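Letter by letter, the chains look like this.
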Amino acid sequence: MADFELKPRSVFDAIGGCRVAAEGVTFDEAAPRTLLSLAARKGQADALRSAVAKAFDLDLPDAGQMVMAKGITALWSGPDQWFLSAEGDAHLAKTAKVVADMASVTDQSDGYTALTLAGPRAPDVLMRMSSLDFNEEAFPAGSVARTSMQQISAMIARTGDGPDYLINTPRSTARDFAHDIKVAITAVLARG
Amino acid sequence: MSYSVFKILKEGLTGNRGWAPVWREPQPKAEYDVIIIGGGGHGLATAWYLARNHGITNVAVVERGYLGSGNVGRNTTVIRSNYLLPGNEPFYEQSLKLWEGLEQDINYNAMVSQRGILNLCHSDAQRDDYARRGNAMLMAGADAELLDREAVRAMAPYLNFDDERFPITGGLLQKRGGSVRHDAVAWGYARAADARGVDLIQNCEVTGMIREGDRIVGVETTRGTIRAKKVAMAAAGRSGQVAAMAGLRLPIESHVLQAFVSEGLKPIIPGVITFGAGHFYVSQSDKGGLVFGGDIDMYNSYAQRGNLPVVQDVCEGAMAVFPAIGKAKLLRSWGGIMDMSMDGSPIIDRAPLDGLYINCGWCYGGFKATPASGWCFAHLIATDQPYETATKMRLDRFERGYMIDEKGMGAQPNLH
Amino acid sequence: MTSSRLTAGGLIDRARPLNFTFDGNSYDGFAGDTLASALLANGVRMMGRSFKYHRPRGVISAGAEEPNALMTIGTGADADPNTRATVQEVYAGLTASSQNHVGSLKHDLMAVNDMLNRFLGAGFYYKTFMWPAKFWEAVYEPIIRRAAGLGALSGEADPAEYEHGVRHCDLLVIGAGPAGLMAALTAGRAGARVVLADEDFTMGGRLNGESDQVGDMPGSAWARQAVAELAAMANVTLLPRTTVFGAYDGGVYGALERVSEHIAKPKDALPRQCMWKIVARRAVLAAGAIERSIAFDNNDRPGVMLAGSVRTYLNRYAVAPGHRAVVFTNNDDGWRTARDLRAAGADVVAMVDSRPGPLKDHGFRVIRGGAVADTVGRHGVDHATLRHHSGTEDSVVADLIAVSGGWSPAVHLTCHQGAKPLWRDDIAAFVPGPNLPPGMSVAGAANGDYSTAACLKAGAEAAIAALDLTTGPEIPHAEDGPTEITPFWKVEGCKRAWVDQQNDVTVKDITLAHQEGFKSVEHMKRYTTLGMATDQGKTANVPAIALMAALTGRSIEETGTTVFRPPYTPVPIGAFGGRHRGKHFHPTRLTPSHDWAAAHGGDFIESGLWLRTQWFRKSGEKGWRDSVDREVITTRSKVGICDVTTLGKIDVQGTDAGAFLDRVYQNAFSTLKVGRCRYGLMLRDDGIVMDDGTCARFADDHYVMTTTTAQAGPAMRHLEFCRQCLWPDLDVQLISTTEQWAQYAVAGPHSRDLLRKLVDKDHDISNEAYPYMACGEVTVCGDVPARLFRLSFSGELAYEIAVPCRYGHDLFDVLMKAGAEFGVEPYGLEALGVMRVEKGHAAGNELDGRTTAGDLGMGRLGSKKQGDYIGKTMAGREGLLAADRAVMMGFRPKDPNAQLTAGAHFIDQTAEPRMSNDLGWMSSVAWSPELQSYIGLGFIKNGEVRMGETVRAWDGVRGTDIEVEITSPHFIDPEGERLRG
Amino acid sequence: MRITCPCCGLRMVEEFVIMGDADLVNRPETGADYEYTYLRTNPAGRHRELWYHEQGCRSWLVVERDTTTHEIFSTELVNKGAS
Ligand SMILES: Cc1cc2nc3c(=O)[nH]c(=O)nc-3n(C[C@H](O)[C@H](O)[C@H](O)COP(=O)(O)OP(=O)(O)OC[C@H]3O[C@@H](n4cnc5c(N)ncnc54)[C@H](O)[C@@H]3O)c2cc1C
Ligand SMILES: NC(=O)c1ccc[n+]([C@@H]2O[C@H](COP(=O)([O-])OP(=O)(O)OC[C@H]3O[C@@H](n4cnc5c(N)ncnc54)[C@H](O)[C@@H]3O)[C@@H](O)[C@H]2O)c1
Ligand SMILES: Cc1cc2nc3c(=O)[nH]c(=O)nc-3n(C[C@H](O)[C@H](O)[C@H](O)COP(=O)(O)O)c2cc1C
Ligand SMILES: [Zn+2]
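Protein chains in written order, with the working numbering: chain R, 1447 to 1638; chain X, 94 to 509; chain B, 145 to 1125; chain C, 25 to 107.
Worth flagging that the hints you see were computed from the coordinates, not collected in a lab.
Note that the structure is a prediction, hence the values are computed from the model and not measured.
Honestly, I wouldn't trust all of these hints.
[Said to hold, decoys possible] In silico lysine-lysine, DSS-like type, Cα no more than 30 Å apart, as pairs:
{"#": "1", "chain 1": "B", "residue 1": "K196", "chain 2": "X", "residue 2": "K100"}
{"#": "2", "chain 1": "B", "residue 1": "K278", "chain 2": "X", "residue 2": "K268"}
{"#": "3", "chain 1": "R", "residue 1": "K1453", "chain 2": "B", "residue 2": "K782"}
{"#": "4", "chain 1": "R", "residue 1": "K1453", "chain 2": "B", "residue 2": "K639"}
{"#": "5", "chain 1": "B", "residue 1": "K905", "chain 2": "R", "residue 2": "K1540"}
{"#": "6", "chain 1": "X", "residue 1": "K359", "chain 2": "B", "residue 2": "K278"}
{"#": "7", "chain 1": "B", "residue 1": "K782", "chain 2": "X", "residue 2": "K500"}
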């Protein structure tokens, strides 16, 4: 045991969390997970795909897609780049080993704050946050997009048919982001 | 015909039937001493000063649309001489002095209104930067004052001093800055030049240059061929296109800048106010409209119109610094094509071809330059020598490494 | 005052009376009324004053085109100036006041302007006020300015909330008249995603204002039924009270929804308005047409109205705008007004048609080939002068003159991307031309279809074409009446006949503009200000164009329109601004130690989007200088910690990472050993310094670059440009890790002692194992991963330690606790700045985008390097190497207590502060507690040569002038012994 | 204005940053020179230009667009090797 202990903290700890639960829409911080960026080395994208497929039984998704398999979520995040998330740190070490020489691996777990937004009115809220089309057909479950929401960059994925959304947004502005989303929720609810 | 209050009284009492046309509508002659391409502020001012200072009147100004249809007729009318760099400051100060005597010079009330320009700052570093600039201005004989937060508050209490994201820490004030009625500048210079015999030829687009060896000897236009001993470009946003007719590429890109006017409102702000932490500046016109603008749309354009994101960006800035403006309604938005140069400063120089003279690169600051630009360009055309305040505005400064980069943004024109 | 409310009919809800005030007087209206209809119902005719002549003005229209009835709604900070009474819904407790008068509305002192009108014609101000020169600004201009404007801003912050949103659809239908409704029904029934927007609060367009049938029911009932069907469709969104104000590139439409302006007490969270960007694959413009007037003498008096609007007041609002009416028309449509007036029980005094024709018995007096020549009445019309075909005139008692000069299709949005409308002689109107905004089509009256039957059909067809449908719904039967018109623009007269009522532009002004050479429509507009008022000439422009065409002898087609620009109707600036205001103007980036600092006396300062701690106040300190001095002294003598998380961090990985860095930095990085850092200078390709920072090598294929806080974003963009565009063959991957790591500087003689307490024992951080410029991965506090860099910005023995952000808060706290025994203190940006000036490190103030490496004394860094790198070639230009460039030096005042200021310029001791004597400028200053002196960094010509000489730091704007000695910029520990210790 | 990012699909222009003429990718082998750095064709008409999808996938794109109408004809990744 070290003399000094560092406890992990979420940006919302000091302000009592960010949860909103209302008729038709809920919003909260997601449980923390390890988040890794995998950027394929030059010419290694295919090798990387097969290495990941072999190790995790997971096909790295194409542009604009996400997949979930055995506790690992893979989000496409750019050309030849993916974000992999899982619970706990073990994932980190394993991934790094599996993809060594095929990808540059970067820990992003603390760079982003993961948020969930769900419920039938969630699309109405998102309409006030983002310029993307969140219509069922345009953004069905399994879709992912990097975009900006109210001046803050975000990576949004539709994880379920609630509809449920997972939003990764930079940590330093996460409080502002939560503020914006709360304002949007309140305004949506005020419309009745 | 001379304009005066007596003339107005006389005409008013006799049915206003005696007012003469402000300009003739001449057919282009076959040849002139000088052809000026572009009937904007700079082209018309150049014609006036060629006549006034150099006695050269066998001149045609050819304009593709109506006189003043370019940026001179669509800018936010701010005049000032608050520049930092020695390549610029004396020139703009000369221009401000010329504005100060313009009405009497051309017998036209362009409503030069020196109600001051206040650049707000929002950090110590920005304030120091303004101090540096203010001192440069004083050293060039201009006026400048550095204000602190309280002085700004006293001047403009309706600005946001309560819940500011970027608190106002002070500002740089130039009291002699202000605004001028844009159209009146074009019309006033046009009328004065016309009176001295300059031919103003509207709806006449230059479509080609006539080249003999390494010399330009005239232009092709939609109204026929016109030859000239000297051809002078004052085509602002279309400089690149016109230069291409002479086979030249310029260190210029054309970009769109939007501007906005609100509905007429009772007077609320005195002079010009610029927000230092966002894209917004504003003044109020004689008619009561809040005339405001911000940044360019960033993409290259010849369309004289912009898009919604920039309108929103500008209005966000407006609301951030001047939240009382919220209920003022935006009445009209428009755009102009800006000749954005590679260092944000203009070019007044001879072209690499004989007989061709270049005046361009005004970015979104060329309205205030109109008198000095006309003065210096006329001098260059008449004498083949740069006027003393414009010696640094050379075309070859980029090749030789003498950029005049006020903003320090480098060779990306949309950042200036 | 007599009530003009009809006893029956209309779309108002008589069960819901609403009380409101106008100029302090209380009135009743009904739900469904506009302010204008309610005022008319109460017999109020005079509603405002014109701009220039302050003439009495009443309402002329029943819609967005209204030039006259502009009012201020609400009071105090809520006051909303220049609101058109014709679109403002009445709600209980609404307060409205008239504008632009000195004294009361009825007795406006400024009305003297009207008597001076012959001197105040178009452009009079350009011709006078020039002598004496000083008088313009001192006397004339203030008078002109005082008269400016109509309504007033409150001067208080607008308390309203404005929302933004984005909607996507297959088809946007703009306007919900018969054409728009039919288009929406067609598309909706076919299953398309439809947005139907109408600026009115009741959809239906002209159907609500007319007495015609559609199918087997009144038009308004048909509209109600269509709206109900659309409302029930999940794929259709109805946006009433929503003006589509602009057609922008890429199928993006700007729309303003008035969410709560019609509600007496809106719910708290309900925004006032919402600005939608509507992204539409296709759009159908079904915006209808706008009626225009005819110019005749004194046609601006209250009581002169547009004929179609009179019908709207009768049929929709159950209000008779007059009891004795003259109808004046040049087309068939005007006759309907006479019909409806009579049906409503009003007295049609005369029906005047400018077109000669046979006289039939209509049950009222008809004048063919005649005109209304003049009106009389002080605050409103009480007599009209009728002129017969023969030229004889007679005067009749009348309180209403309903005028129809024909209709102008609302082509505005078709022109927002530069298209020009075309003139159609048969309907005497401009209709949409070619080159519409991509994806847009036009239907109904907006396209020149003037019968309801044609509008219904065109709406359906437009939707079918836009969506590639094969069939459409059945079209209900509707009126298919004639729309014959014979253009007639002005009645001859010798008084003033208004064309633009708000800006007081008369036929005479147009004539004068022509006479003076302002013949192009754009010149005419600008010289007379016609069409430049709040209504943008919706009713005035076409008549004016026709008048100018007649004067020049050109056709109307040739004369053309002025440019149409967004917005279609005025939009509050607050609505464009949306929610990004106040503290939320831009997002705020908080560092991991933010909460800690806030709880420990930290004062914050904006640094880009970040908030950083400037200094930490302690009780007993008199001002910030005390805090900063203490922080500097503690750091230099003991140990200090500072949050430097905001510096940009970019992980550069890949087998070619080193080669890549060699090309983007001025100095070499492929030669850097793993486990070491190096200072790097990055140039732009024009040879000027872009940014600086350190770059650490963690592995052969892994570097960690730091950028300045300000340049983090631009640097990333630049590096991606280099990677993707310039050297796609290199194997390099870039990712920003600024947000991942909480990074703290630990500086001072005890920094190593402090870190030893936290760094897990298996990592050796002794001077030998971890020398100056070492870096590596360590663990702290029991296996928390960390990056440790031995870097020093302060010049002391120092480190930067980074942990994942989740531990950031605690690490700061732990550093403070563990450091207590060494006397640790946190320090802020200001102390950091003092120490870097003492060390002569260039920062943002020095890297102003104009300095070269040589100017900073770092020209040597790159000079020896082989191969190309960004900025290398262009840095060799003559101007950038010129001997007389100002170079960075240190400056010390002769009097150590003389407060230096950044921004001062240097001049020689005896020189005048003139441009020709300008030697350079001071860029950064600080009070050095160690040297007990002010010190500064600055740029001065021939600096190296002049070292030791004295010059003056002249700061005219601050009124100081201080003698300073030119020194080396390295004030403290120039050999760097401390940081290697 | 909207731009089709080959990776992310049709997005609002707000997500992108423009740099200028696509010729900027053709940096001379010997380093930037005057022409490369400063001279622009600046056409009124079709223009191939560089955009960066900063608020998206961070790709640099070549967009062909008409500077007089703002019509966009095509977009492609600069670095076509990537996917
Ligand atoms: C929205 C906006 C706001 C601005 N705000 C300010 C401000 O506040 N202060 C300030 O100082 N400056 C401002 N400017 C910049 C300023 O307006 C311009 O720099 C300046 O007007 C340019 O000079 P000019 O008047 O000669 O240009 P223009 O008026 O554009 O004149 C050029 C003329 O050349 C004509 N032309 C082009 N090609 C041809 C051809 N082939 N044949 C014939 N004629 C041709 C054009 O039609 C045009 O009339 C602003 C500009 C805009 C667009
Ligand atoms: N007889 C004639 O001379 C004549 C002339 C013109 C119109 N009309 C009649 O008028 C009707 C025209 O039908 P229509 O459907 O073409 O038009 P309309 O006038 O009935 O409806 C247009 C609708 O568009 C809305 N609108 C306009 N601009 C808008 C904008 N920018 N944003 C949002 N909403 C906007 C208006 O509020 C209105 O409700 C027909 O009944 C026709 O007979 C007759
Ligand atoms: C300083 C200034 C003030 C303006 N004020 C008004 C105004 O009060 N009303 C108006 O309709 N337009 C106003 N405009 C805009 C012009 O109508 C016009 O849009 C602009 O000159 C560009 O021309 P264009 O729209 O014909 O291309 C103003 C323009 C300027 C430059
Ligand atoms: Zn993308």
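Item to complete: Could you grab the alpha-carbon distance between X:K359 and B:K278 and see if it respects the 30 Å cut-off?
Response: Holds, because 24 Å separates the two Cα atoms, which is no more than 30 Å.
Item to complete: With a cut-off of 30 Å on the C-alpha distance, tell me whether R:K1453 and B:K639 pass.
Response: Status violated; Cα separation ~86 Å.
Discussion item. So if I understand the rule, the pair passes when the alpha-carbon distance is 30 Å or less; does B:K196 with X:K100 pass?
Written reply: This hinted pair holds, its Cα atoms lying about 21 Å apart.
Discussion item. Run the distance test for B:K905 versus R:K1540: straight-line Cα separation, threshold 30 Å.
Written reply: This hinted pair holds, its Cα atoms lying about 25 Å apart.
Fill in: Pairwise hint evaluation, X:K268 against B:K278, where the allowed Cα distance is 30 Å at most
It holds: about 15 Å lies between the C-alpha atoms, which stays within 30 Å.
Discussion item. Check whether the Cα positions of B:K782 and X:K500 lie no farther apart than 30 Å.
Written reply: violated, 41 Å
Worksheet item: Does the structure keep R:K1453 and B:K782 at a Cα separation of 30 Å or less?
Response: holds, 27 Å
Of the hints listed earlier, those the structure fails to meet are numbers 4, 7, in rising order.
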